[in-house]
Amino acid sequence: MTAQLETRIDVDHLVRRTRSVGMNRAQDRRRAVVDPDNRRRPGRLGLRRRIPYAGAVGPLALLAVWVVGSALHWIDLRSLSAPWTVVATAGELISDGRLQENLATSSWRALTGLALGIVLGVVLALISGLSRLGEALLDGPIQLKRAIPSLALLPLLILWLGIGEPMKVTTITLGVFVPIYLHTHNGLRSIDSRYVELAETVGLRRSEFVRHVVLPGALPGFLMGLRFAVTGAWLALVVVEQINSTSGIGYMMELARTYGQTDIIIVGLVLYGTLGYSSDLLVRLVQRKALSWRQTFAD
Amino acid sequence: MATDVRGLVEGSARDLGDRLAVDVVGLTRRYQDRVILDQVDLQIAGGEFVALLGRSGSGKTTLLKALAGLDYDVSGEGQLRVADSISVVFQDSRLLPWRRVLGNVTLGLRTQAGPGQSSEDRGLLSLAEVGLAGRERAWPTQLSGGEQQRVALARSLVREPQLLLADEPFGALDALTRMKMHVLLRRLCAAHKPAVLLVTHDVDEAIVLADRVIVLDQGKITTEVSVDLPAPRRAADPAFADIRQHLLRSLGIEETHA
Numbered sequence: 002m003t004a005q006l007e008t009r010i011d012v013d014h015l016v017r018r019t020r021s022v023g024m025n026r027a028q029d030r031r032r033a034v035v036d037p038d039n040r041r042r043p044g045r046l047g048l049r050r051r052i053p054y055a056g057a058v059g060p061l062a063l064l065a066v067w068v069v070g071s072a073l074h075w076i077d078l079r080s081l082s083a084p085w086t087v088v089a090t091a092g093e094l095i096s097d098g099r100l101q102e103n104l105a106t107s108s109w110r111a112l113t114g115l116a117l118g119i120v121l122g123v124v125l126a127l128i129s130g131l132s133r134l135g136e137a138l139l140d141g142p143i144q145l146k147r148a149i150p151s152l153a154l155l156p157l158l159i160l161w162l163g164i165g166e167p168m169k170v171t172t173i174t175l176g177v178f179v180p181i182y183l184h185t186h187n188g189l190r191s192i193d194s195r196y197v198e199l200a201e202t203v204g205l206r207r208s209e210f211v212r213h214v215v216l217p218g219a220l221p222g223f224l225m226g227l228r229f230a231v232t233g234a235w236l237a238l239v240v241v242e243q244i245n246s247t248s249g250i251g252y253m254m255e256l257a258r259t260y261g262q263t264d265i266i267i268v269g270l271v272l273y274g275t276l277g278y279s280s281d282l283l284v285r286l287v288q289r290k291a292l293s294w295r296q297t298f299a300d
Numbered sequence: 333m334a335t336d337v338r339g340l341v342e343g344s345a346r347d348l349g350d351r352l353a354v355d356v357v358g359l360t361r362r363y364q365d366r367v368i369l370d371q372v373d374l375q376i377a378g379g380e381f382v383a384l385l386g387r388s389g390s391g392k393t394t395l396l397k398a399l400a401g402l403d404y405d406v407s408g409e410g411q412l413r414v415a416d417s418i419s420v421v422f423q424d425s426r427l428l429p430w431r432r433v434l435g436n437v438t439l440g441l442r443t444q445a446g447p448g449q450s451s452e453d454r455g456l457l458s459l460a461e462v463g464l465a466g467r468e469r470a471w472p473t474q475l476s477g478g479e480q481q482r483v484a485l486a487r488s489l490v491r492e493p494q495l496l497l498a499d500e501p502f503g504a505l506d507a508l509t510r511m512k513m514h515v516l517l518r519r520l521c522a523a524h525k526p527a528v529l530l531v532t533h534d535v536d537e538a539i540v541l542a543d544r545v546i547v548l549d550q551g552k553i554t555t556e557v558s559v560d561l562p563a564p565r566r567a568a569d570p571a572f573a574d575i576r577q578h579l580l581r582s583l584g585i586e587e588t589h590a
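Chains as they are written, first to last, in this note's numbering: chain A, 2 to 300; chain B, 333 to 590.
Calculated directly from the structure, the hints in this document are not laboratory data. Just so it is clear, CB atoms sit at the ideal spot from N, CA and C, and this is done for glycine as well. You may find that some hints are simply not true.
Said to hold, decoys possible - Computed, partial: chain B to chain A, Cβ under 8 angstroms:
(1) A400
(2) L402
(3) L428
(4) P429
(5) W430
(6) L439
(7) G440
(8) T443
(9) R467
(10) W471
(11) L475
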């Protein structure tokens with residue numbers, strides 16, 4: 002009798018518990034509908050939620066180390082100026098106009114070289130990607146060029162083009178077009194052959210095929226190449242501006258080296274870093290906008 | 333000769349004259365030493381719905397690709413005449429992920445000059461027909477498998493093809509979605525009246541949809557059955573079961589009674 006009673010109580014308890022679990026689920030579901038953040042909850046193996054301003058976290062931490070290290074004299078001020086000295090120097094450079102002038106010159110070189118390099122890289126990637134003959138002719142030499150550092154080409158370019166602007170822009174262009182070519186070509190060649198079959202069944206002309214299938218299909222690769230290219234453009238700038246130059250950020254830094262002004266050198270470095278990093282951020286922004294159709298691991 | 337042999341014998345639909353959408357005589361296709369299609373004869377009338385059954389490796393897809401003009405690097409001979417306007421539906425929806433739904437439907441669509449609608453208008457109408465009105469701005473990855481396949485159907489039918497070639501178009505869908513797609517496809521075919529060649533491995537699907545079912549085995553057409561059942565075809569119908577048993581047997585499967 003007692004045992005029976007106990008069993009019944011247990012069963013009742015079980016039923017009540019099951020019911021409450023069921024209710025919780027329903028409530029959860031209701032909450033999920035209301036809660037807008039719950040819309041894109043990551044899976045167990047997906048990446049966690051985005052950290053806001055994730056791109057700034059690392060650089061800010063580095064800056065903090067520099068500030069604290071200088072304030073506590075862990076860093077010798079003769080080898081590395083303190084952040085506030087650098088800021089003051091930057092202020093002076095701006096007020097006497099030297100910074101803007103050099104920055105304008107450098108930017109013009111980098112952007113011109115970048116623009117020419119992008120066009121060259123894309124055109125070569127299209128020729129080499131869409132024709133077997135093009136690939137046979139172009140791919141080998143470009144891979145060879147890839148193995149030669151820009152710095153090693155410089156003596157030849159100076160002989161051919163002198164030490165003026167054409168040499169500088171050409172050096173940047175030659176550094177930029179390689180990653181654009183490589184990634185665009187790769188993106189183009191990895192377009193699913195099933196899409197090519199589809200393009201044939203819907204009767205696309207070659208020009209339409211390039212516009213609707215090849216170019217959008219190669220866009221992810223191109224944008225990846227562009228990221229390498231923009232930082233590469235600023236890197237190549239350093240090389241050309243520190244040799245026989247009379248203007249630009251690199252020249253400003255080279256001059257500072259002869260007078261042992263680390264603060265000016267650091268202004269230049271910070272400038273290079275900021276320019277390279279912000280242009281990379283810009284490309285990533287473009288990437289996210291242009292490739293909004295993709296659902297990837299990183300989203 | 334490992335080149336495209338269609339050029340030698342190809343004719344246009346005008347040569348077909350008598351409203352045939354497909355006229356294939358003695359079609360042979362070889363891949364290396366293996367004969368994939370062996371002297372296949374196949375005629376499909378305008379507006380006729382033919383289902384092509386066969387086991388894996390029986391040559392179904394090769395036949396379909398030959399009709400679609402997609403069989404490159406395959407050698408063979410035979411006479412092959414097909415309608416001028418052909419649309420293909422693949423097993424995967426094959427939507428370009430970087431084009432929105434409407435852009436996929438209107439891909440390569442040419443608008444005739446004169447008092448016509450723009451290709452966008454036609455695309456929108458076609459999407460409405462497959463029950464996807466209002467989804468034209470969506471990206472393909474935002475759609476379910478069934479919806480993606482419906483977009484693929486809209487893309488095919490917006491071209492008003494004389495011949496619709498479908499290679500296991502519902503093979504990747506779940507059973508319930510597949511049944512809905514059967515209803516949709518029947519309705520669309522009734523409205524647009526293309527000739528259809530549907531490749532499938534699903535015997536029930538073939539009987540539900542087709543006017544005629546043919547079985548391909550080792551590159552030869554071994555069985556041909558006209559399905560003359562009233563409109564809502566149900567598997568419970570004894571006539572349905574008879575056809576089914578016949579087809580299964582021709583596929584080498586003895587039906588065991590459950």
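To see whether the hints hold, each was checked on the structure:
1. A400: Holds: closest Cβ of chain A sits about 6 angstroms from A400 (chain B), inside 8 angstroms.
2. L402: Because about 6 angstroms separates L402 (chain B) from the closest Cβ in chain A, which is inside the 8 angstroms limit, the hint holds.
3. L428: With a closest approach of 6 angstroms, the L428 (chain B) hint holds.
4. P429: Status holds, d = 5 angstroms.
5. W430: 4 angstroms, holds
6. L439: Holds, because the Cβ-Cβ distance from L439 (chain B) to chain A comes to roughly 5 angstroms (cut-off 8 angstroms).
7. G440: This hint holds: G440 (chain B) lies near chain A, its Cβ roughly 4 angstroms from the closest one there, short of 8 angstroms.
8. T443: Given a least distance of 14 angstroms, the restraint on T443 (chain B) is violated.
9. R467: 15 angstroms, violated
10. W471: Holds - the Cβ of W471 (chain B) comes within 8 angstroms of chain A, reaching about 5 angstroms at its closest.
11. L475: 12 angstroms, violated
Against the hints set out earlier in the document, violations occur for numbers 8, 9 and 11.
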